[in-house]
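K.L.:
Sequence:
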Amino acid sequence: MEYNFRDIEKRWQQEWVKNKTYHVVEDKQKQKFYVLNMFPYPSGAGLHVGHPLGYIASDIYARYKRQQGFNVLNPMGYDAYGLPAEQYAIQTGQHPAITTEQNIQHYREQLDKIGFSFDWDREIRTCDPKYYHWTQWAFIKMFQSYYDNDLQKAQPITKLIQHFETKGSDGLNVAQSEELSFTAHEWETMNEQEQQTILMNYRIAYLGETMVNWCAGLGTVLANDEVVDGVSERGGYPVVQKKMRQWCLRVSAYAQRLLDGLDNVQWTESLKETQRNWIGRSEGAEVRFKVADSDIELTIFTTRADTMFGVTFMVLAPESDYVSQVTTSSQAQKVQAYVDATKKRTERERISDRRVSGVFTGSYAVNPLTGDNIPIYVSDYVLAGYGTGAIMAVPAHDSRDYAFAKHFDLPIIPLIEGADVSEESYDAKEGTVINSPIKGKQTTFSLNGMQVKEAIAATKEYITKQGLGHVKVNYRLRDAIFSRQRYWGEPFPVYYKGGMPYMIPENCLPLELPEIDKYEPTKTGEPPLGRATKWAWDIEKNVVVDKSQVNNTTVFPLELNTMPGFAGSSAYYLRYMDPHNEEALVAKDVAAYWQNVDLYVGGTEHATGHLIYSRFWNKFLHDYGYSCKEEPFEKLVNQGMIQGRSNFVYRINNDDHSAAPVFVSLGLKNQYQTTPIHVDVNIVHGDVLDIEAFKAWRPEYRNAEFILENDKYICGWAIEKMSKSMYNVVNPDMIVEQYGADTLRLYEMFLGPVEASKPWDTNGIDGCHRFLKKLWGLVYENRTDKFLPNDDTPTPEQLKSVHKLIKKVTGDIEHFSYNTAISAFMICVNELAQSKCTNKELLKDVIKLLAPFAPHISEELWHALGETTSVCDAQWPECNEEYLKENDIQMTVSFNGKARFQKVFSIDDSKEEIEKKVLADERTQKYIADKTIIKTIIVPKKIINIVLK
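Take full-length UniProt numbering: the last position of the sequence shown gets the number 949, and nothing is skipped along the way.
Bear in mind the hints are in silico, worked out from the structure with no lab data behind them. Please note: incorrect hints may appear among the correct ones.
[To be verified] The list that follows gives simulated cross-link-like pairs (lysine-lysine, BS3-like), each with its CA atoms no further than 27 Å apart:
| no. | residue 1 | residue 2 |
| --- | --- | --- |
| 1 | Lys32 | Lys941 |
| 2 | Lys848 | Lys898 |
| 3 | Lys926 | Lys941 |
| 4 | Lys931 | Lys916 |
| 5 | Lys941 | Lys911 |
| 6 | Lys786 | Lys30 |
| 7 | Lys800 | Lys773 |
| 8 | Lys800 | Lys935 |
| 9 | Lys807 | Lys32 |
| 10 | Lys465 | Lys453 |
| 11 | Lys786 | Lys807 |
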């Protein structure tokens with residue numbers, strides 16, 4: 001019987017749906033295991049073979065844990081809001097909901113063909129009002145909360161109001177945008193708008209002025225990863241830095257908890273380090289520098305207070321509010337020109353660019369330790385978001401300060417005796433002795449002779465006692481900008497009264513996205529929601545009404561911005577636990593059962609943004625008891641990228657563009673001047689071009705001519721990112737049609753370690769397909785359709801082969817070494833085929849092991865072997881070490897220390913038995929001949945040496 005994978009896979013996929021094989025419910029009799037993939041954005045291009053890599057890896061693990069007896073949750077859904085759908089809507093006028101639905105249906109068809117064990121009854125889509133109901137609910141909770149630094153958790157804003165009513169701002173230790181000071185009496189005398197303004201300073205979800213990446217061409221704010229080389233990744237429109245009033249989430253309040261939590265998760269050290277660097281904890285001091293001849297003070301943050309004696313200038317970020325305060329009239333034009341130029345550069349570009357630029361403000365600050373006047377500059381190497389947006393520059397001990405000082409011919413004062421600052425900078429490490437080069441100035445404070453660590457502590461103590469500043473812990477982590485000027489996103493449940501935001505009642509959620517005529521900003525520059533006619537909130541009827549009814553008494557305008565993409569992906573793992581609950585994000589008993597994600601699989605591109613935001617979101621919900629564990633993702637695996645194997649044809653250069661193009665084969669191209677052209681890899685087979693398919697591919701190649709080698713056109717090749725523009729995208733549907741889903745699953749895992757990037761090469765897929773056919777041949781004889789398995793007793797060698805496989809595959813799955821597990825399958829099946837193994841129970845063990853990797857053929861053979869339940873629930877086999885014990889051992893027989901031949905002995909043979917067998921071997925007689933045996937040296941399992949005379 002032939003291995004007919006098409007019929008087998010189609011039939012079992014239908015059976016799994018019919019029998020709800022992958023449907024899962026809470027079962028307290030079983031231990032839970034939650035497997036999660038970073039869910040996809042459904043693009044119009046559909047899946048290519050690189051996309052399923054992580055899904056296959058996690059599916060194998062999910063099936064493996066199920067066979068071990070766990071109750072496995074393995075859900076899937078769609079991150080359905082996004083800029084691509086909106087841009088397509090702008091270009092075509094088609095509602096993004098329509099294209100999104102079409103794309104989702106295409107994705108679902110492709111995913112189903114690969115045979116994943118997803119529980120589709122739990123599917124979620126971020127654009128579904130039933131889903132974003134709970135995103136809006138969480139936003140309201142954040143708006144109604146503040147962060148208590150003493151309790152290290154979020155608290156209801158009503159508790160903060162009670163504090164204001166009795167103590168004003170006195171005694172507060174809370175996260176805030178800026179330090180405010182007012183009494184209880186002052187609070188009571190404020191009107192509603194003034195009080196709401198004060199509260200905005202403390203809310204976890206708040207409106208704030210912040211620098212953003214503004215893209216006028218797209219009419220929206222962009223995240224850093226949506227900007228490349230100063231233009232939008234989508235469309236290539238210019239992006240500038242702009243200060244805007246935006247919704248923000250106070251992620252920074254959770255910075256220390258986000259750091260501490262990394263010690264409690266099973267992530268790679270490199271990923272943890274990436275997160276630590278992103279959070280960027282620094283212990284230091286905030287110090288005030290007076291601006292000479294004014295009442296202005298510049299506050300800076302420094303981790304090296306001991307270097308203040310070496311400060312020779314100050315630098316402000318171009319976005320800093322200090323710039324306008326200290327710039328003199330004579331320098332105003334130059335400063336403004338520099339600030340305007342900086343707006344066209346992203347922070348990422350400014351961080352990576354080592355070129356020096358800046359402009360003098362015309363003002364000087366006073367070094368609080370030396371009394372020296374030092375110039376104040378503006379430069380783009382200082383960022384507004386870190387510290388205070390102002391730095392004290394110590395060019396002798398910082399490379400960028402040093403480069404700036406050299407460029408502008410500013411003083412460089414080394415604080416380390418004998419330090420060489422001639423090339424770049426000197427790093428004062430712990431143990432280095434610090435000196436204070438005060439050059440005769442009178443001072444009550446000196447660091448002379450101190451080591452770095454004690455010098456830092458001494459300086460902090462001095463500036464605190466002198467009222468020059470205070471000790472502070474600072475974080476690089478910034479609050480998340482949460483507004484987007486787009487249509488296709490979650491609406492904010494917010495209306496505006498007296499210019500201040502108010503939340504619509506929770507029982508009125510979800511606030512659904514309205515219909516609009518176009519998906520572009522309005523002519524007056526409002527976001528697309530400004531086009532909605534029915535977009536105002538009636539606080540008496542608690543309904544959305546027409547904008548014409550706005551009277552700012554009972555009917556108020558609604559928020560025109562929408563939430564960013566990460567809003568819907570920040571807590572989706574909780575919703576999967578209880579996706580149909582209309583009363584709560586997740587029921588408490590359900591959350592208590594599933595707890596958190598045991599295994600999370602996704603790309604490294606989400607190592608910062610998504611993981612930071614989702615961890616923050618989960619910690620906030622944990623503060624109120626909505627999530628059960630502080631950390632949402634217990635173990636995280638980053639799958640690598642499958643790169644494309646591009647192919648090229650070589651066109652001979654010809655100035656006569658009207659002539660038919662001529663292409664020369666790879667081996668002959670050096671004889672001509674040619675231009676390499678990417679060609680669709682789907683019309684290339686084993687690097688040999690299908691010439692007729694090539695002519696039909698593009699009209700300009702219809703009359704093409706070819707210079708062949710050995711009657712073939714051989715294409716060139718290269719490993720590149722899989723991309724439509726390089727024509728190297730391989731559609732998994734084609735692989736499934738030609739080889740089957742099981743072959744695709746095996747091959748993607750066989751390419752290399754899950755975490756590594758590797759090139760796709762269709763040339764190698766035949767090996768995995770042949771393996772499956774060889775496995776099939778252990779059950780059915782291809783020529784006669786004979787069913788081979790029986791109850792014959794297996795040989796020790798066959799038992800050893802299978803139990804060695806059990807041990808190997810179990811260990812490899814646990815370590816995600818799927819490629820080596822597949823190699824072990826191939827070895828074992830070869831051994832069983834060579835020994836003509838027909839034992840039914842042994843073959844069942846092999847099928848159980850293979851089921852997570854190749855579920856369709858495993859299900860077919862499992863039932864062929866007499867089983868009636870799904871192989872998905874077959875108990876994972878255990879290795880019996882007894883079968884792995886070596887019964888025989890091969891040893892080298894030497895004469896006078898020279899190795900002569902090898903002989904097999906029983907592992908239990910004594911020295912006497914070994915000697916007896918060696919002497920009885922006819923080969924021994926050849927070397928003894930007429931010599932006398934002086935002695936025989938035997939070390940069991942190691943040495944046999946016969947000493948002759």
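K.L.:
Broken hints, numbered, in rising order?
P.N.:
Numbers 1, 2, 6, 8 and 11 - these are the hints that the structure violates, sorted from lowest upward.
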